[in-house]
Amino acid sequence: MAGVRNSYRDKSYQDKQTDSINYDEIHQAFESIKQRTSKKLGSKDVRYILSLRRFSRIFEIIGRTLIWILPGPLALIGAPFLFLHRNIESIEIGHNVLHGQYDSFSEIPQFHTKNFRWKAPVDETAWRIEHNGIHHVYTNVDEVDPDLAHGILRTNKNVPHTVWHYFQVPIYLFYVYPLMLYRFNGQNFGEGDEFREKRFPEGNKGYATFLNPESLTKRDIRKRHAKSVLRVVAKEYGLFPLLALFTGFSFFKVLLINLLVDIVNNYWIALTIQATHLTEPLQPEDAIKNKGKWYVSQLDSSVNFKGNRWQSILWGHLNYQIEHHLFPDIPSHRYPDLAVEVRAVCDQYNLPYKCNDNWRQAISNYIGCLWKYSFKDTPALSSQCKPFLTKEGAHA
Amino acid sequence: MPDLKSWVYHQLIRLLGREWLEYFISNSMNLGLHRLSKYLWTYDCKALIVDVIQETPTTKTFVLLPNQHFAAPVPGQHIELSIDPSQLNEGRDTQSVEAHTAPIKRCYTISQSGNFPAPRSNSDKKARSNSDTYKHTIGITVKSQPAGLVSNWLHQQAKPGIVLDLSGPRGRFIYQDQKKLLFICAGSGITPCFAILNQFSDKEDAGVKAPEIRMYYRSLSAAHTIFKPQLESHSLIKQLVMSFSDPRPEQTNEAPGETQGYHQNNRLTAELNPLFSDLKDTAIYLCGPTGFRDHVIDVLQSIDFDMNHLHLENFTPAPLEPGGADGAFQGKVMVHLASSNESFTLTAKDQGKTLLESAEANGIKMVHGCRTGMCGTCKTRLISGDVVGARIGNAIYPCVCYPASAEIVIQ
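Read top to bottom, the protein sequences are chains A and B.
Sequential numbering from 12 applies to the first sequence in the numbering used here.
Sequential numbering from 19 applies to the second sequence in the numbering used here.
Just so you know, the hints here were simulated from the structure itself, not pulled from any lab data.
Since the model is a prediction, treat every value here as computed from it, not as a measurement.
Any given hint might turn out to be false.
[Said to hold, decoys possible] If you want a taste of the chain B side facing chain A, the calculated C-beta under 10 Å gives, among others:
(1) Thr60
(2) Glu360
(3) Thr363
(4) Gly387
(5) Gly411
Glycine included, each C-beta is placed from N, C-alpha and C at the ideal position.
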């Protein structure tokens, strides 16, 4: 089984099957799924996003009130509610809205990309360019996809090994992930490039570099970075602790619980988003030139993990990573239904459809890969990455 | 208490500036705050009337304080007011208004922005040099049209404290670094010319060399001449010709005969002639009623003026015949990006290019990703006009759609 896994890892699906794929038919098949779903979009999607926002607000009110008024450790009862609020706002609402999934509904201007403000410390415009414009198009393309090897990460052997990589598992688990969302700006504005240029012998070789598509000056970047962080920090660590203080409750209790919730939320998001691409093979750069090829490269570079509909909301439906990457601007709550159609197409054309059994398995696969590439040359450890349950795994 | 509200809004915009106000408002947006103030907590561009100034018997300047969504205008640009029919019906019993259900839209030139120019000689008028009062405001100068729904409503009903819906600044009737300018205007056509003129009085202190300016202004009578004192005392106008089509001074509420009069005994030709003595390197800015405009164009044609140097203000672009099997537009297309207040015109060389490609060909950057309609990065909102290609409702993908109307406004 490990052999199956490794062959996937080394070469992309397209490189292995050079002449047997009919890209035009595949293009047509996925395009028709997209058209059919686009026609169905309507009041159901509006109701979905509005009720998400309503629940998020209710959780926020319950959470913040309990944290505010309950004494000492009892205030921790409010933490799960606050977590739900921050989680739903960060991924299921924020991430999906900024993909433009709700732009076509004129009745909800608050969920249009240009109006929406993320309740996360991330600059929306820079993120959209990096995420929608580069990561979602050149997924798993070496030295192009910034999400493939972000920060100091080494997840394939094209990245030159340095002494830092020996420690990448603890660095990521204990240093990067607890404040994952606060690191996004650094990547979207190219601040990681400077670090690698300075510390790595071969500089940015093997990493995607920031091309400054908006032609920003250093000052613009600092300002945009600061503004996007300020709104979250001011609310979580300024406004609400101070409100508690002025009404006779504990400043530090509120501050600490807010910090705890922030870290849990960041960790949750980090583990959700990391396990869905990085274990997959590198993709050819020219896939973008042909839409059929592009669909196949998206299939080949994404992996789902299973969960029910309620869990999926807390994962921002990123456990349906394949559907998300095939149709990034279809509202996310439709992915479970889309998955059935996508799987049928994959069966028909014998395309890869990869799925982990559960979140735990996805995480352990991913940490295994991180561990494997910590070392310069480690064929012995390749069995750390578990094989995929290609199609049968997805059918449950 | 509209006055208190206006004062609060004005102070907020002054203290924070539009950029930080936008930051605070957009990040604190929710339904409750939207109900508290539909002027601030909104995604739309809105303006508050802060002052109304009677310029002439038939013309008023409305001083507007736009909210944080209003981009800085370039002098000479116009805005589009959208008035809700229910708002129009208030306080009047006209039946004609009831026929409308969609908002009624009218374009008005921004005649002044930021600080107002020198105070008028009339002592009873407010001193306009008081820069604090008018900072961050724009002024639109509106003439009351006899049958005009919106202009009459503005003249009769609009008072400080009312909030209006408006578009961001638009239009290409702006100064483009020419050395010599000649303004030819009539009636309320003075307004964009006045705005262009006043940007130089601002720049004068900064040491920027102002162009050589001459002006021809036709109006009904001395009393109907908008901005007469400011024009007469303007230091930058090298040559000013004011002409009155009707010498009777007591005439007040009657509109000037627009089409008749201009052609009478070639008076216009005679009056314009002295201004045409040195037309080399001169850009002509022409704005006025249709009859006047056509006649001036006839005169310019007769002297072989190079029409590339003629700038016209057109609120309603002439309809161009649509062609091509796919419905894409063949002629000139005006595209305006509302969020960045940038415009460009598509010509024959942009034929067959997508909106994104033609924007880039015109040196304008638009956010984009895959360029094939897959990633949704470029997805934006169509405010007016029409496109063919990838479109769902008002959401369009500029990377895979083509213009299909003569004027397109996107967010």
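Which of the numbered hints are not met once you compare them with the structure shown?
2, 3
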